[in-house]
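Protein chains in written order, with this note's numbering: chain A, 5 to 417; chain B, 5 to 417.
It is possible that some hints are incorrect.
[As the list claims (entries may be wrong)] When the alpha-carbon atoms are kept at most 25 angstroms apart in a straight line, the in silico BS3-like pairs for lysine-lysine are as follows:
no.	chain 1	residue 1	chain 2	residue 2
1	B	K227	B	K341
2	B	K120	A	K238
3	B	K140	B	K341
4	B	K371	A	K371
5	A	K271	A	K227
6	A	K120	B	K120
7	A	K341	A	K7
8	B	K271	A	K120
9	A	K341	A	K16
10	A	K120	A	K89
11	B	K238	B	K271
12	A	K206	A	K238
To be clear, the hints were calculated from the coordinates, so they are not data collected in a lab.
There are 2 protein chains.
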Amino acid sequence: MEKERETLQIWKERVGQELDNVVAFWMEHSHDQEHGGFLTCLGRNGQVYDHLKYVWLQGRQVWMYCHLYRSFERFRRAELLDAAKAGGEFLLRHARVAPPAKKCAFVLTRDGHPVKVQRTIFSECFYTMAMNELWKVTGETHYQNEAMEMMDQIVHWVQVDSSDLGQTRLSGTPAAEALAVPMMLLHLVEQLGEEDKALTSKYAELGDWCAHRILQHVQRDGKAVLENISEDGKELPGCLGRHQNPGHAIEAGWFLLQYARRKGDIKLRMHIIDKFLLLPFYSGWDPEHGGLFYFQDADGFCPTQLEWDMKLWWPHCEAMIAFLMGYSDSGDPTLLKIFNQVAEYTFCHFRDPEFGEWFGYLNREGKVALTIKGGPFKGCFHVSRCLAMCEQILEALLRRLGPTPVPSLGGSK
Amino acid sequence: MEKERETLQIWKERVGQELDNVVAFWMEHSHDQEHGGFLTCLGRNGQVYDHLKYVWLQGRQVWMYCHLYRSFERFRRAELLDAAKAGGEFLLRHARVAPPAKKCAFVLTRDGHPVKVQRTIFSECFYTMAMNELWKVTGETHYQNEAMEMMDQIVHWVQVDSSDLGQTRLSGTPAAEALAVPMMLLHLVEQLGEEDKALTSKYAELGDWCAHRILQHVQRDGKAVLENISEDGKELPGCLGRHQNPGHAIEAGWFLLQYARRKGDIKLRMHIIDKFLLLPFYSGWDPEHGGLFYFQDADGFCPTQLEWDMKLWWPHCEAMIAFLMGYSDSGDPTLLKIFNQVAEYTFCHFRDPEFGEWFGYLNREGKVALTIKGGPFKGCFHVSRCLAMCEQILEALLRRLGPTPVPSLGGSK
Numbered sequence: 005m006e007k008e009r010e011t012l013q014i015w016k017e018r019v020g021q022e023l024d025n026v027v028a029f030w031m032e033h034s035h036d037q038e039h040g041g042f043l044t045c046l047g048r049n050g051q052v053y054d055h056l057k058y059v060w061l062q063g064r065q066v067w068m069y070c071h072l073y074r075s076f077e078r079f080r081r082a083e084l085l086d087a088a089k090a091g092g093e094f095l096l097r098h099a100r101v102a103p104p105a106k107k108c109a110f111v112l113t114r115d116g117h118p119v120k121v122q123r124t125i126f127s128e129c130f131y132t133m134a135m136n137e138l139w140k141v142t143g144e145t146h147y148q149n150e151a152m153e154m155m156d157q158i159v160h161w162v163q164v165d166s167s168d169l170g171q172t173r174l175s176g177t178p179a180a181e182a183l184a185v186p187m188m189l190l191h192l193v194e195q196l197g198e199e200d201k202a203l204t205s206k207y208a209e210l211g212d213w214c215a216h217r218i219l220q221h222v223q224r225d226g227k228a229v230l231e232n233i234s235e236d237g238k239e240l241p242g243c244l245g246r247h248q249n250p251g252h253a254i255e256a257g258w259f260l261l262q263y264a265r266r267k268g269d270i271k272l273r274m275h276i277i278d279k280f281l282l283l284p285f286y287s288g289w290d291p292e293h294g295g296l297f298y299f300q301d302a303d304g305f306c307p308t309q310l311e312w313d314m315k316l317w318w319p320h321c322e323a324m325i326a327f328l329m330g331y332s333d334s335g336d337p338t339l340l341k342i343f344n345q346v347a348e349y350t351f352c353h354f355r356d357p358e359f360g361e362w363f364g365y366l367n368r369e370g371k372v373a374l375t376i377k378g379g380p381f382k383g384c385f386h387v388s389r390c391l392a393m394c395e396q397i398l399e400a401l402l403r404r405l406g407p408t409p410v411p412s413l414g415g416s417k
Numbered sequence: 005m006e007k008e009r010e011t012l013q014i015w016k017e018r019v020g021q022e023l024d025n026v027v028a029f030w031m032e033h034s035h036d037q038e039h040g041g042f043l044t045c046l047g048r049n050g051q052v053y054d055h056l057k058y059v060w061l062q063g064r065q066v067w068m069y070c071h072l073y074r075s076f077e078r079f080r081r082a083e084l085l086d087a088a089k090a091g092g093e094f095l096l097r098h099a100r101v102a103p104p105a106k107k108c109a110f111v112l113t114r115d116g117h118p119v120k121v122q123r124t125i126f127s128e129c130f131y132t133m134a135m136n137e138l139w140k141v142t143g144e145t146h147y148q149n150e151a152m153e154m155m156d157q158i159v160h161w162v163q164v165d166s167s168d169l170g171q172t173r174l175s176g177t178p179a180a181e182a183l184a185v186p187m188m189l190l191h192l193v194e195q196l197g198e199e200d201k202a203l204t205s206k207y208a209e210l211g212d213w214c215a216h217r218i219l220q221h222v223q224r225d226g227k228a229v230l231e232n233i234s235e236d237g238k239e240l241p242g243c244l245g246r247h248q249n250p251g252h253a254i255e256a257g258w259f260l261l262q263y264a265r266r267k268g269d270i271k272l273r274m275h276i277i278d279k280f281l282l283l284p285f286y287s288g289w290d291p292e293h294g295g296l297f298y299f300q301d302a303d304g305f306c307p308t309q310l311e312w313d314m315k316l317w318w319p320h321c322e323a324m325i326a327f328l329m330g331y332s333d334s335g336d337p338t339l340l341k342i343f344n345q346v347a348e349y350t351f352c353h354f355r356d357p358e359f360g361e362w363f364g365y366l367n368r369e370g371k372v373a374l375t376i377k378g379g380p381f382k383g384c385f386h387v388s389r390c391l392a393m394c395e396q397i398l399e400a401l402l403r404r405l406g407p408t409p410v411p412s413l414g415g416s417k
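Sequences are here, hints too, so could you generate the full structure?
Written out as structure tokens, the structure reads:
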């Protein structure tokens, strides 16, 4: 137990310090004082190399700042909240392409003109997370109204009718469900229902539906988590059907662990740990160079995505959260061991002690391939969420262990 | 001169043999005897790992087979022509999503149902190339009618009105011209006008327009070829504007060299060699590991594309063609030296002596990253076109040098 306490204590200090460094990076380099919102296309040293504003990343950074402000004494700083509010106002003013329609852009110009729209629900999901978290911090109801209205729209797209998203279904297009959709929706259910009994109850059935859908992605007699399945829960033909993303499956794992905890379902928890944590970890970890592969093919064919063997920051962030949470929920020491292995790889390869924040993209061998700290898909989110959640879980684990025992005097040789 | 003759002779033999191997690979593994057309998702040893049919690759393989049949005595084989015709018929039956509308799918199921459509002109361009080449080989006019009608549609989309392609222009979307569009169109002008005075004359003005548009992509006082520029020929802001693809610029180079030759414009030829061959080669060649980078940023920022530093087969194929053609047209020995450098790297790193065809995707260090021989963007096209064109250019160069001189007897020590 003392060995365990020591491990937890060391990591708590490391993640806490790193969280401070990472937040400092974004506070120093990303705030757009002129238009509100965040400049997230940042080079290694924080230099802005593009002024485009990706809506996912705007919403995520608003969420992250509010979450830090709300959850950590040391981040209860006006600077953070002001930047989050300015980001929220930017989203309110500009995210929707043709208000009052709810569809949000994927990317905006610095001053808020829409550049591109995606035919998916994700911009809207991060918009909802941002608004809900702003409400939780400020108590201003217009934020929550925005969140609830957008959530209704998202649920409508997913469960009732997605035709106004503009996705084209042709006679050969398979009716596929991407793992990301029920995952994202389950995460929203968790977000909106947090410390809110009325909303927990309102979304209980939706949460069950999402969990059921996610669990269907375990295929091949429990031997593989597949990213895309048919609408009736079967494997799809070809590369699309065999496509795997180990870090994404592991992320789904911790979303599901939260769900199982809420349900008090221990059998489900064991299933999740088995199928969404251990299975993708053992198949997705590179035995030669360490780190999680980005993509794999369930039959072992070479994936067709050029970046398949790269090591990306976010799967490693998600794995740190998932294994620590799994350990915290189950007490299984294997999970702490894997957390330790993933966290060591991650801290060793992705951190940039010189300029702060983490690199996002390594080649298979673990060498930095892209020096950017932020880009179209990397902002102030995965790293800081991972560090913040790990700090909180580690703190709770240490609390559970009780105070450090006073060494008995004179007893040891 | 004897050194030069030797270089040319050696390469002529190497590319000729390699062309035989490469064509044999596709003939053995890719023909779909059941539905016609080609299975191009092939693993290292030719095993089919997906049955999807990408329309670009269907059109390209039809074109390639016809071109080989028409241009090389040793490829005048019924097998090749039959497969090309079966591919052509497959395209005629299935490529268009909603006939009589001209829009073609991007990818089809094995039996020809449309899976995805791209909001671009490229499926239609390769369709046109296939049909025109089928006509050239068979003399059957319905192929040429198809080609001409599709060409009219493409020109309409590019020069008159692209609205029915379905591209969404939002208030922040920059009006950008991608280098690929005038390039592809110039290439079609060359294809349709080849040995056809009436069509050469019909498309002369269009060819001038394309060349002018391509030349506008030389920006920054002649110091950079940029992939995307504004519609009025200026640099665009941000990453989009700074985006460079050295292999693509070099490919544009040989398209333009053909144009300059047709025009008899020697000054233009010098400009092309300078800006579209040497400039992208010197900036795009990796000084550390050799090979052409896939993407670069004109200001030296790190590109945001994960694959930016990978070495892809096709830029190297295009560079082999361009430098050999540039040498053939100008006689500048620097260009032969660069051809030699590129071809050595290419033959050494991309060839697969064990199973035939070439690997397509190497990491920065030149190690094979994807073992596939064919996939969504790699089929029977760039490698065989490169080898076939190089063989023809080398043959012509050797012919120009005249017969190998008989060594003078007793004259040398």
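Evaluation of the provided hints:
1. Of the pairs offered as hints, the one joining K227/B and K341/B holds, with about 22 angstroms between alpha carbons and a cut-off of 25 angstroms not exceeded.
2. With a CA separation close to 21 angstroms, the supplied pair K120/B and K238/A stays within the 25 angstroms bound.
3. As the CA atoms of K140/B and K341/B are separated by approximately 35 angstroms, the hinted pair breaks the 25 angstroms bound.
4. Note on K371/B and K371/A: the hinted pairing holds, with a Cα-Cα distance of about 14 angstroms set against a maximum of 25 angstroms.
5. Between K271/A and K227/A the alpha-carbon distance is near 18 angstroms, which keeps this suggested pair within the 25 angstroms criterion.
6. Restraint check: the Cα-Cα separation between K120/A and K120/B comes to about 19 angstroms, which is no more than 25 angstroms; the hinted pair holds.
7. For the given pair, K341/A sits about 12 angstroms from K7/A by alpha-carbon distance, which is consistent with the 25 angstroms threshold.
8. The hinted pair formed by K271/B and K120/A fails the criterion: a straight-line CA distance of about 41 angstroms is larger than 25 angstroms.
9. With a C-alpha separation of about 15 angstroms, the suggested pairing of K341/A with K16/A holds against the 25 angstroms cut-off.
10. In summary, the hint linking K120/A to K89/A is supported, as the alpha carbons are separated by about 24 angstroms, within the 25 angstroms threshold.
11. This hinted pair checks out: K238/B and K271/B have alpha carbons roughly 24 angstroms apart, not beyond 25 angstroms.
12. The hinted pair formed by K206/A and K238/A fails the criterion: a straight-line CA distance of about 30 angstroms is larger than 25 angstroms.
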